[in-house]
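S.K.: Single-letter residue listing:
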Amino acid sequence: MEFETITSIGEHVMKSPMKTGHLWRHIYAWALIAFTIFPIYVVIQSSFDPSGSLASSSLVPTRFSWKNYAALFNNEAVPYLTWVKNSLVLASANALISVFVGAASAFAFSRMRFRGRKLGLQALLLVQVFPSFLALAAIYVMMERIYTVYPSIGLGSLGGLLIIYLGGSMGVNAWLLKGFIDSIPLELDEAARIDGASTPQVYWLIFFPLALPVLAVTALLSFIGTFNEFVLASLFLTDVNQRTVAVGLQQFVGAKFGQNWGPFAAGSLLAAIPLVTLFLSLQKYIIGGMTQGAIKG
Amino acid sequence: MIRFAGFTGTPALLLKMAVIAISDAILVSMLFAALAKDQNAMAGVIAAILLIINFVYFSKRTMPFKFLAPGIILLITFVVVPVIYTVLMSGFTYQTGNEISKKDALIQLIDSGITADAENTSFDTVIGKVDGNLAALATNQTTGEVGIATEKSYTPLSSEQFTRNEYGVAETANGFVRLSDTEAADADSALSTIKFPLGNGYFLSPQGLDVAVRVTQSLVYDEASDTIKNLIEGTTFKDNNRGNFANIENPDQKLEPGWRAYNNFENYLNLFRDPVVRGPFLKVFVWTFIFAITTVIMMFGVGLLLAIAMDKKIRFRRFYRSILILPYAIPSFMTILIWAGMFNRQYGAVNLLLGHQVDWLNSAILAKLIILVVNLWLGFPYFYLISSGALQAIPAELEEAASIDGASPRQIMQRIKMPLLLQILAPLLIASFAFNFNNFNIVYLLTGGGPTNVLAGETAGATDILITYTYKTAFGSTQQNLGLACAISMIMFIIVGALSMWSLRRSRVLENM
Amino acid sequence: MNKKRFGLVSVVAVAALALSAAVVPTATAANKTITVWADETRGPQLKSLIDGNTTIAPGYVVKVKFFSSFDALNGAFDKATAAAGPDVMTGAAGLAASAGKSGKLAALTYSAANKKEIPAAGIQALTYKGKVYGVPLDVDTTAFMWNKALNATAPTTFQGMVDYYTANKTAKGLTGGICAFEGAWGANAVLTALGGGAWGFKGNTPDLTNTLMNSDAFKANVKKYLLGADGKSNGFFQWDGCADAFKAGKIPFGITGAWNMDGIAAAGVNIGLGATPGLTATTKGAQWVNYSGAFVTSYAAKHGVDLGAKKLVLGWFASKEGQVLMSSASSRPPANTAAGAIIKDARTTGIANAAKTGTPQFSAILDNKAGGSNWYDVVGSALSNILVKGEAVDKTLDDAAVILKKNFADAAKG
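Heads up: the protein sequence lines correspond to chains V, A and W, in order. Residue numbers 14 to 310, in the working numbering, belong to the letters of the first sequence in order. Residue numbers 15 to 527, in the working numbering, belong to the letters of the second sequence in order. Residue numbers 111 to 524, in the working numbering, belong to the letters of the third sequence in order.
Note that these hints are calculated values from the structure, not bench results. Please read these numbers as outputs of a predicted model, since none were measured by experiment. Glycine residues also receive a C-beta, built at the ideal position from the N, C-alpha and C atoms. Possibly wrong hints are sitting among the right ones.
Claimed, not checked - Which chain W residues face chain V? A few, computed with CB under 8 Å, are given here:
no., residue
1, Pro154
2, Lys175
3, Phe177
4, Ser178
5, Ser179
6, Gly185
7, Ala186
8, Lys189
9, Thr191
10, Ala194
11, Ala375
12, Ala376
Unchecked claim - Result set (SDA-like, lysine to any residue): computed pairs, CA atoms no more than 25 Å apart in a straight line:
no., chain 1, residue 1, chain 2, residue 2
13, A, Lys268, A, Ile121
14, W, Lys466, W, Leu435
15, A, Lys80, V, Ser170
16, W, Lys173, V, Phe221
17, W, Lys333, A, Lys30
18, A, Lys74, V, Phe113
19, W, Lys333, A, Asn467
20, A, Lys297, A, Lys486
21, W, Lys225, W, Ser441
22, W, Lys226, A, Thr91
23, W, Lys430, W, Gly162
24, W, Lys334, W, Thr191
25, W, Lys241, A, Asn467
26, A, Lys382, A, Ile426
27, A, Lys30, V, Phe221
28, W, Lys189, A, Phe489
29, W, Lys412, V, Phe113
30, A, Lys80, W, Ser120
31, A, Lys80, V, Phe113
32, W, Lys142, W, Ser120
33, W, Lys189, A, Val183
34, W, Lys329, W, Asp273
35, W, Lys241, A, Thr129
36, A, Lys268, A, Thr129
37, A, Lys116, W, Thr191
38, W, Lys175, V, Met125
39, W, Lys189, W, Ser120
40, A, Lys143, W, Pro168
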């Protein structure tokens with residue numbers, strides 16, 4: 014009760030200067046929006062340009078055609094929707110699993126004390142730092158071997174690609190989450206233990222709900238990263254029906270000469286829609302007030 | 015009070031056992047499959063994983079590892095192993111011409127160590143069997159002569175001993191049983207190495223199931239002395255311990271293909287000895303460093319300011335957020351190339367907007383500038399996301415308590431929020447620095463590392479960072495030097511790793527945990 | 111471990127073994143499959159032509175796998191090993207030198223029948239150190255084109271083109287005279303037309319000691335035709351970005367290959383094809399003529415399909431029938447001369463005619479960067495300096511020649 018009164022007084026005190034104080038926020042947001050939209054406008058313009066070129070001769074579009082979008086859906090060599098499905102499935106699976114794995118690891122590093130803890134953290138950081146573009150060769154050979162034994166998770170399969178993505182995700186996610194987890198007060202853990210909770214119970218029943226906003230951010234970042242990844246995927250996914258959107262669209266611009274940017278722009282724009290939708294739907298969690306709710310209780 | 019009823023005891027235990035049983039089942043069947051295909055290394059790895067999982071999840075004393083196990087297993091298999099591979103390869107001669115194993119190289123050398131005769135005599139052949147042994151019914155493509163070649167001898171046939179088809183190729187002969195197509199295909203491996211002697215040291219070498227050529231073996235391998243002799247020219251080639259068979263008299267003349275060979279980490283020495291590689295190294299390293307630091311500061315600044323701006327419930331906030339996440343949502347491969355097109359001198363959108371033909375891509379300073387600007391465009395949404403997450407993680411009563419004490423919003427921001435923010439985000443900033451130190455995509459796709467003043471002898475461009483420079487040096491289109499690339503990667507890793515560790519220590523993030 | 115735990119573990123173990131018995135991996139039947147790898151342009155064409163075919167190589171079945179981009183194809187081939195590598199690989203002729211040198215390709219011996227139909231230049235492009243590694247599929251080259259709407263007849267001399275540009279610059283709003291779509295590689299036609307190029311010739315063989323980059327004739331011609339009185343570009347040779355202007359009808363002449371012609375037609379430009387006009391009515395510019403090839407890999411022998419793969423390559427890819435089919439699908443002139451005689455498509459014949467005046471491309475020499483940078487980068491830099499930045503012609507070309515001399519000398523060593 015006392016808390017609430019003081020809070021409302023605080024808000025009242027802060028309210029009057031806020032109106033002009035808010036103006037800078039809008040100005041800044043609009044400036045960034047102009048900066049953000051400019052190339053996106055060019056992308057949109059390219060997607061409607063039937064000649065399939067990137068550079069435009071004027072800022073205002075002179076040609077308009079749906080041809081590029083049609084090329085995505087009417088061509089049986091371009092199973093666009095299958096690609097989108099593959100991308101969504103792969104990205105969701107990677108996001109979910111890697112968040113779980115990363116959260117568990119971060120929890121262990123943050124809350125538990127064990128031998129090799131500090132060393133483990135440093136090793137995690139170092140492993141992320143390694144320039145891994147040569148690792149591709151090693152991973153490729155590994156997946157080839159796995160393919161000879163178990164084709165469904167070897168070279169050329171979405172499952173195999175998923176495992177490789179997961180391999181790298183722990184390092185990134187553990188570091189990402191550890192900082193946030195450290196800021197969750199220890200008293201919560203201690204209170205739970207006094208009530209007789211075991212460590213897994215503390216993890217699942219106390220920590221997990223509290224960390225949901227952060228986990229949502231991590232899942233979103235992982236989802237977007239997987240969705241847009243094409244270097245590894247283009248090496249691994251050869252079968253046209255197994256490809257992700259990023260790889261599938263490559264075929265329009267992948268030739269040494271003679272690139273066709275129109276369908277590529279159209280396809281990328283359409284693919285951005287699920288990502289933006291995902292972000293919008295996760296906004297509630299990302300900006301959540303759940304942290305505050307737990308403390309008051 | 016928080017209750018813990020419901021998920022303890024038997025149901026939880028049964029669930030745990032079921033999960034482990036299923037994982038074990040999958041791993042065991044993979045183990046059998048691996049052993050069945052003679053992949054012993056893989057079988058060993060699977061067995062190790064099996065043991066670790068069961069030990070960790072059944073033992074009482076391994077609580078932290080129950081949380082860490084999946085992550086560590088994945089990390090070691092797919093990240094640590096390739097790293098070890100790179101480290102190992104940096105000590106090998108591993109380049110175009112030296113890529114396969116010595117055993118494979120030998121097979122290749124001997125197989126291709128054949129020389130066709132002067133007239134390039136070739137035959138149309140039918141594969142079959144004579145007395146149960148593989149044989150070829152051969153029709154000379156130029157003279158039309160027909161004969162049967164077996165592994166023992168070649169017997170010319172007279173016209174009543176065979177019949178020709180409508181193309182003049184002999185199809186059947188006495189004592190010759192033709193193989194069906196599937197039988198011939200099954201005998202492919204045997205046939206590709208078989209030699210049907212034709213006399214004078216020449217033999218028939220099948221080049222497909224219906225064509226063969228008359229060749230002689232010019233290269234022979236002597237296992238005892240590990241040398242190859244060229245019978246026609248009389249030269250001898252010996253293993254030069256650097257991955258090739260080299261002419262004893264003229265070591266520069268090498269037989270190709272060579273193989274991957276251990277070279278005492280000579281790649282590192284060459285790095286410092288070869289002026290083409292060493293020269294620009296310092297210049298590129300300095301720019302890489304400056305770029306990584308500057309871009310992280312820029313992105314963090316813009317993103318953090320946005321997070322602070324969006325921290326209050328202003329109007330249109332949802333709209334702003336949805337738009338400003340777009341650079342992150344659209345594939346960067348495409349947006350970077352769009353930006354590159356926009357900076358085109360004559361037709362780019364940027365110059366159209368400015369009304370002036372600025373040569374962005376050909377000026378060293380401007381090129382560096384646009385790399386920073388485009389990277390900012392790509393990265394600020396990420397920093398906005400993590401900053402807003404961090405702002406949320408700061409408990410609200412801190413701010414309330416401070417404002418009760420009379421602090422102004424600015425003081426709250428400076429003294430309370432910022433230090434906490436930095437503490438939470440420090441590891442991420444360091445990780446972002448490391449990421450941008452190796453940010454291949456932005457440089458390669460936007461400027462290609464240029465502009466390079468080629469005619470002045472420069473080999474590195476004005477915007478080249480270490481990783482793009484390494485890539486271009488090591489992965490030229492016809493000459494790749496992967497051993498050297500591994501060596502440069504190791505050096506880069508040591509530098510960046512040391513820097514990251516040092517800054518980690520400095521920020522005292524580890525101590526506070 | 112106490113008894114309870116032991117009990118748990120044993121229950122789990124039994125369950126695991128029981129389940130694993132149910133999940134037995136099926137033994138894969140040993141089938142004789144020949145796997146062909148291609149990029150995203152040729153891949154779908156080959157797929158519709160030979161995927162699943164069992165008649166070309168009886169006893170074997172052909173499978174076509176294609177990647178999403180040329181780079182992905184080459185990247186995968188670089189990393190592949192015998193475990194999952196291809197049996198037949200398609201790609202640029204330069205692969206013979208790099209992959210052949212590394213032992214990834216199997217050497218082929220042509221039959222007399224093959225040699226009759228495949229031109230010597232094509233075989234030469236696929237030869238490395240005396241061994242032939244593949245068969246040439248089609249001719250990879252550029253042709254000179256003119257916009258028929260702007261200029262009804264083909265220009266006959268280089269001067270003619272420049273005059274047309276200067277005369278019509280303001281009237282028709284031209285932003286340039288000639289556009290080389292493919293950068294330095296495509297620009298060789300212009301360079302050679304003006305007396306420049308890469309290397310001179312001794313008869314028919316390249317003379318690598320004769321660097322044409324800074325020959326006096328070339329310097330003089332550059333100043334005469336490409337620069338104005340003030341020493342800066344007269345706008346005729348558009349160097350940094352001109353493809354869109356050509357498609358918009360603002361540039362009358364251009365140089366490109368078959369891969370761009372669909373886009374040009376889509377933009378509504380009607381083009382004529384021919385050879386680049388030279389200084390006189392009878393001389394022509396000589397563009398690079400490259401080949402793409404199909405190769406048998408050394409993995410084929412490991413997979414037990416060596417002879418089948420050779421049959422596929424020598425018997426179909428190199429044959430008249432095969433090349434006619436591939437050419438109809440790709441609009442590229444076939445390498446096989448008998449096939450070339452059959453093709454009647456206007457665009458393909460136009461490019462084939464242009465190829466006759468071209469010069470064979472030796473990728474190994476052009477890619478050599480012993481002097482610091484390879485031929486493409488040097489030429490690109492030189493043209494950029496002269497045409498865009500307006501730097502002195504003599505010094506630029508002399509500097510370029512210094513680097514090229516080192517490159518060629520190193521390449522001549524072998």
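S.K.: Does each hint fit the structure? Answer for all of them.
M.R.: Each hint, compared with the structure:
A hinted interface residue such as Pro154 of chain W counts as satisfied when its beta carbon comes closer than 8 Å to some beta carbon of chain V; here the least separation is about 5 Å, so the hint holds. At its closest, the beta carbon of Lys175 of chain W sits 5 Å from a beta carbon of chain V; the interface hint therefore holds under the 8 Å criterion. Given hint, Phe177 of chain W at the interface with chain V, holds; its Cβ is 6 Å from that chain's nearest Cβ, closer than 8 Å. At about 4 Å, the closest approach between the beta carbon of Ser178 of chain W and any beta carbon in chain V falls short of 8 Å, and the interface hint on this residue holds.
Satisfaction of the interface hint for Ser179 of chain W is found here, the shortest Cβ-Cβ separation to chain V being roughly 2 Å, below the 8 Å cut-off. At a threshold of 8 Å, the smallest CB-CB gap from Gly185 of chain W to chain V is about 6 Å, leaving the interface hint in force. The beta carbon of Ala186 of chain W comes within 5 Å of a beta carbon in chain V, closer than 8 Å, and the hint placing it at the interface holds. The closest approach between the C-beta of Lys189 of chain W and any C-beta of chain V is roughly 4 Å, which is under the 8 Å cut-off, so the hint is satisfied.
Hint status for Thr191 of chain W: holds, given a least beta-carbon distance of 6 Å to chain V, under 8 Å. The criterion of a C-beta within 8 Å of any C-beta in chain V is met by Ala194 of chain W, whose closest approach is roughly 4 Å, and the hint holds. With 8 Å as the threshold, the beta carbon of Ala375 of chain W stays out of range of chain V, its nearest partner Cβ sitting at about 10 Å, so the hint is violated. The interface hint given for Ala376 of chain W is met, as the beta carbon of that residue sits about 6 Å from the closest beta carbon of chain V, less than 8 Å.
Our distance criterion of 25 Å between C-alpha atoms is met by Lys268 of chain A and Ile121 of chain A, whose separation comes to about 16 Å. With a CA separation close to 22 Å, the supplied pair Lys466 of chain W and Leu435 of chain W stays within the 25 Å bound. Note on Lys80 of chain A and Ser170 of chain V: the hinted pairing is violated, with a Cα-Cα distance of about 29 Å set against a maximum of 25 Å. At roughly 49 Å between alpha-carbon atoms, Lys173 of chain W and Phe221 of chain V are farther apart than 25 Å, so this suggested pair is violated.
Annotation: proposed proximity of Lys333 of chain W to Lys30 of chain A is violated, straight-line Cα distance about 82 Å (limit 25 Å). Restraint check: the Cα-Cα separation between Lys74 of chain A and Phe113 of chain V comes to about 22 Å, which is no more than 25 Å; the hinted pair holds. For the suggested pair Lys333 of chain W and Asn467 of chain A, the alpha carbons sit about 22 Å apart, so the restraint of at most 25 Å is met. Our distance criterion of 25 Å between C-alpha atoms is met by Lys297 of chain A and Lys486 of chain A, whose separation comes to about 16 Å.
In summary, the hint linking Lys225 of chain W to Ser441 of chain W is supported, as the alpha carbons are separated by about 24 Å, within the 25 Å threshold. In summary, the hint linking Lys226 of chain W to Thr91 of chain A is not supported, as the alpha carbons are separated by about 54 Å, beyond the 25 Å threshold. With a CA separation close to 21 Å, the supplied pair Lys430 of chain W and Gly162 of chain W stays within the 25 Å bound. Proximity of Lys334 of chain W to Thr191 of chain W is assessed by CA-CA distance (about 54 Å); at most 25 Å being required, the pair is judged violated.
Among the hinted pairs, Lys241 of chain W with Asn467 of chain A is inconsistent with the structure: their alpha-carbon atoms are about 38 Å apart, more than 25 Å. With a CA separation close to 37 Å, the supplied pair Lys382 of chain A and Ile426 of chain A exceeds the 25 Å bound. Taken as a hint, the Lys30 of chain A and Phe221 of chain V pair is honoured in the structure, with Cα atoms around 19 Å apart against an allowance of 25 Å. Restraint check: the Cα-Cα separation between Lys189 of chain W and Phe489 of chain A comes to about 13 Å, which is no more than 25 Å; the hinted pair holds.
Proposed proximity of Lys412 of chain W and Phe113 of chain V is contradicted: the alpha carbons are some 43 Å apart, above 25 Å. A C-alpha spacing of about 20 Å is found between Lys80 of chain A and Ser120 of chain W, which places the hinted pair at or below 25 Å, so the restraint holds. Between Lys80 of chain A and Phe113 of chain V the alpha-carbon distance is near 13 Å, which keeps this suggested pair within the 25 Å criterion. Straight-line distance between C-alpha atoms of Lys142 of chain W and Ser120 of chain W comes to about 45 Å, which puts the hinted pair past the 25 Å bound.
Using a Cα cut-off of 25 Å, the hinted pair Lys189 of chain W and Val183 of chain A is violated, with the two alpha carbons roughly 42 Å apart. A distance of roughly 20 Å separates the Cα atoms of Lys329 of chain W and Asp273 of chain W; the hinted pair therefore holds under the 25 Å criterion. Straight-line distance between C-alpha atoms of Lys241 of chain W and Thr129 of chain A comes to about 9 Å, which keeps the hinted pair within the 25 Å bound. Between Lys268 of chain A and Thr129 of chain A the CA atoms are separated by roughly 18 Å; this keeps the pair inside 25 Å, and the hint holds.
Proximity of Lys116 of chain A to Thr191 of chain W is assessed by CA-CA distance (about 14 Å); at most 25 Å being required, the pair is judged to hold. This hinted pair does not check out: Lys175 of chain W and Met125 of chain V have alpha carbons roughly 50 Å apart, beyond 25 Å. Simply put, Lys189 of chain W and Ser120 of chain W have alpha-carbon atoms about 44 Å apart, too far for the 25 Å limit, and the pair is violated. Simply put, Lys143 of chain A and Pro168 of chain W have alpha-carbon atoms about 18 Å apart, close enough for the 25 Å limit, and the pair holds.
Checked against the numbered hints given earlier, this structure breaks hints 11, 15, 16, 17, 22, 24, 25, 26, 29, 32, 33, 38, 39; the rest are met.
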